[in-house]
Amino acid sequence: MTDLRAPQPASPETDAASAFGEDETGEARTGTGAASPGDDPRSPRPGEPAPPDPPSGWLRWGWRQLTSMRTALVLLFLLALGSVPGSVLPQEGSDPGAVQQYFASHPALAPWLNHLGLFNVFAAPWFAAVYLLLFTSLVGCVVPRTFRLAGSARTPPPRAPRHLRRLPHSASYPSRLTPDTAVEAAAGVLGGHRFRLRRPDSADSGSWVSAEKGYLREAGNLLFHLALLGVLVSIALGGLFGYKADKLLVAGQGFADTTAALDEFHPGRLVSGSDLAPFSVNLNSFSASYLASGQPAAFHAYITYTASPGSPARPYDLQVNHPLDVDSAKVYLIGHGYAPVFRVTTAQGQVVYDQATPFIPANTGTLLSEGAVKVPAAAPSQLGFVGVFVPTAVLAGGTLESAYPAPDNPAVSLIGYSCSLCMDSGVPQSVYQLDTTGMRQLTAAPHLLSPGQSWTLPGGNGTITFVGYKQWVSLAITYDPGQVPALVCGILALAGLLLSFLVRRRRLFVRAAPAAGGGSVVTVGGLARTDASGGFEDEFAGLSAELAAADAAYTPATPAGIAPGASPGEERAPSNQSETGA
Amino acid sequence: MFRAKRRTVVSVAAVAVALLIGALVVTLTQGSGQADVGYVLFPAGQRPAVHEFTATSLTGTPVRFASYRGKVVVVNFWGSWCDPCRREAPTLAVLSEQYRSRGVSFLGIDVGDTPANALAFTRGVGITYPSVNDASYTVTQDFSQAVPISSTPTTLVVDRTGHVAGYIFGPVTYSGLSTLIKDAVTG
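The listed protein sequences correspond, in order, to chains L and G.
Residue numbers in the first sequence follow our numbering, run continuously in steps of one, and reach 582 at the last position.
Residue numbers in the second sequence follow our numbering, run continuously in steps of one, and reach 187 at the last position.
Calculated directly from the structure, the hints in this document are not laboratory data.
Examples of chain L residues toward chain G, derived with CB under 10 angstroms:
| hint | residue |
| --- | --- |
| 1 | A260 |
| 2 | A261 |
| 3 | F265 |
| 4 | S272 |
| 5 | P278 |
| 6 | S280 |
| 7 | P309 |
| 8 | D354 |
| 9 | A378 |
| 10 | D424 |
| 11 | V431 |
Between beta-carbon pairs, the in silico distance windows are:
| hint | chain 1 | residue 1 | chain 2 | residue 2 | range |
| --- | --- | --- | --- | --- | --- |
| 12 | G | S178 | L | V427 | 20 to 26 angstroms |
| 13 | G | T173 | L | Q429 | 18 to 24 angstroms |
| 14 | G | S67 | L | S83 | 55 to 61 angstroms |
| 15 | L | T443 | G | T161 | 54 to 60 angstroms |
| 16 | G | T161 | L | N284 | 38 to 44 angstroms |
| 17 | G | G126 | L | S293 | 51 to 57 angstroms |
| 18 | L | R440 | G | T161 | 48 to 54 angstroms |
| 19 | G | V94 | L | G468 | 38 to 44 angstroms |
Everything numeric in this text was worked out from a predicted model, so none of it was measured.
Heads up, the beta-carbon is just placed ideally off N, CA and C, and yes, glycines get one too.
Let the sequences and hints guide you as you build the complete structure.
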């Protein structure tokens, strides 16, 4: 994306073309990729010697390759290509269960995909490499362009071309004044219209004034580029210092925001566990209402939270898309489900399990949910249960189904397993699934229980009671310090883009030459950018009429309210001495 | 034509090389992440202080951490739902008996759990020292100000002045925890 443009010396023969030739900001041109920056002989960069000395030359060449438009496009394409497996294949971050299933069903292919990081694409080193390079490429492109735009916004208008009649818009009127005075009169009018003016300096001859308007276009362009950099920095900020976490919370329970309490924790690169916002949340109750069709109508999670240990507890009604804002972190309600409460007692009456056990919805429409109950403390054997919870139980052809997501007729169906010491391996397992290898099924058929009912297990294994149910919510906790800056920068970028599209840069040149019979002939030429959407013609006609009128009414005593001649800094403007001849 | 083709090949190769270098850098920097099991020892003078807290034990009696001042305390974060905790529990039971006569106390912090399940767990593995019921992780949050408790099991050894002498993340081993306790008792 290195800029290809070079200041072109204005030729007297191509006045019209060169009148804008040296200040094109060239949004369109930079993107063509028709010529690579390295082979552009007109490149303005100082470090452009033909055979560069090896080490620094290669570095410069590499940097130019990296920041070229072509490379950025290739990287963007790679980024898009890399995201494809992220949406086609199951991902560790979002659905580790599906990844395990994929391993089971594709035993030969899955390990290879895993080696390539395709099950965790967005954390894979090659993916990170692509976006880091894209980031570098963008920064390397935008920063130099920003400086160039800043320069362009300060550039004074060019000298008036010699043949104003060749410009797209031109007019002329006779004047009774001398050429210098006529130009003086015109400059006064243009200055009053807030044009930026340029007068001949000592090296120039002739009577002319150049005027230019619409510098806001460059300001808009500059704003767009600066805001784009701001967006990149904001994204980096979020990636480095932000974090995302998930927590499943059963009604009546609470948690403090500490890594041990979180089910999933995805910290940014510079986040450690002690950086978490020290809030805590208690879920008092959860209510869901549904339409007759079973579609959810509203979810309310009534919570109390404390912003930090020791501060007062505050109630909050957490809803979908109505997150809790606490200590600059945000807590979103992202899911809900049922947690049947089970109590397991041994044959001797000792309680070995009493807990609301979260079940995971297998059918999000009817909230038929599946889960596991693990009772390693049971005696004489360790016990495990695989269960299905249905909020509104109906028996359809002998199988248990759920007719409605609200808990109108809750029931659980359990399959019991027993084993001795099979749960003491110490290998962490999902709490939602039971690995039944090495376990003995207690009964052939599943056992159906309504709230309050108990099942006396065979073989002296005690009793399991379906006490009732609670509801759980899953919460997403996010902290993204880059979010607000990214939004602000995004809006600024849009504003800058609009400004640079809507504002036209336009120029007006006035030249006066002595007329044969005294007085002078004044020629006015006008030029707007080629992509101007019209309207300049009317403006030009209005302005030239005004100039003629002012000229006719001019009295030499009137002080000219215009800016003085060109400052020394403007002398670097493209010059071709032959154009200054009158 | 030939030059243009060669330039394309060279720039594609350059992108590929840059990608490889980037991937290598990222892989190397990612490798420095925390391992699953390990321990940290703090030299005397740099030991982080533990916040005082009051909580309720699994059996309902109040526990004041300040009352342990003057003793070396082994603080174990666990849950009955946590499989590695079940594996390390017999080691903790044995060590708590062995070090009782030397003035070393053991205290469990039972997180995200119900008292019924937790008591069934301690009965089953033969742990006799008390545990604090920390279903909502508030005690864990207090401790996290001193050392990061990222998951269960995590075991802290707190010296006589209430400062963390060292901690183990992941299941304890007999020799590993013994070393930490001896260090805290002598130092």
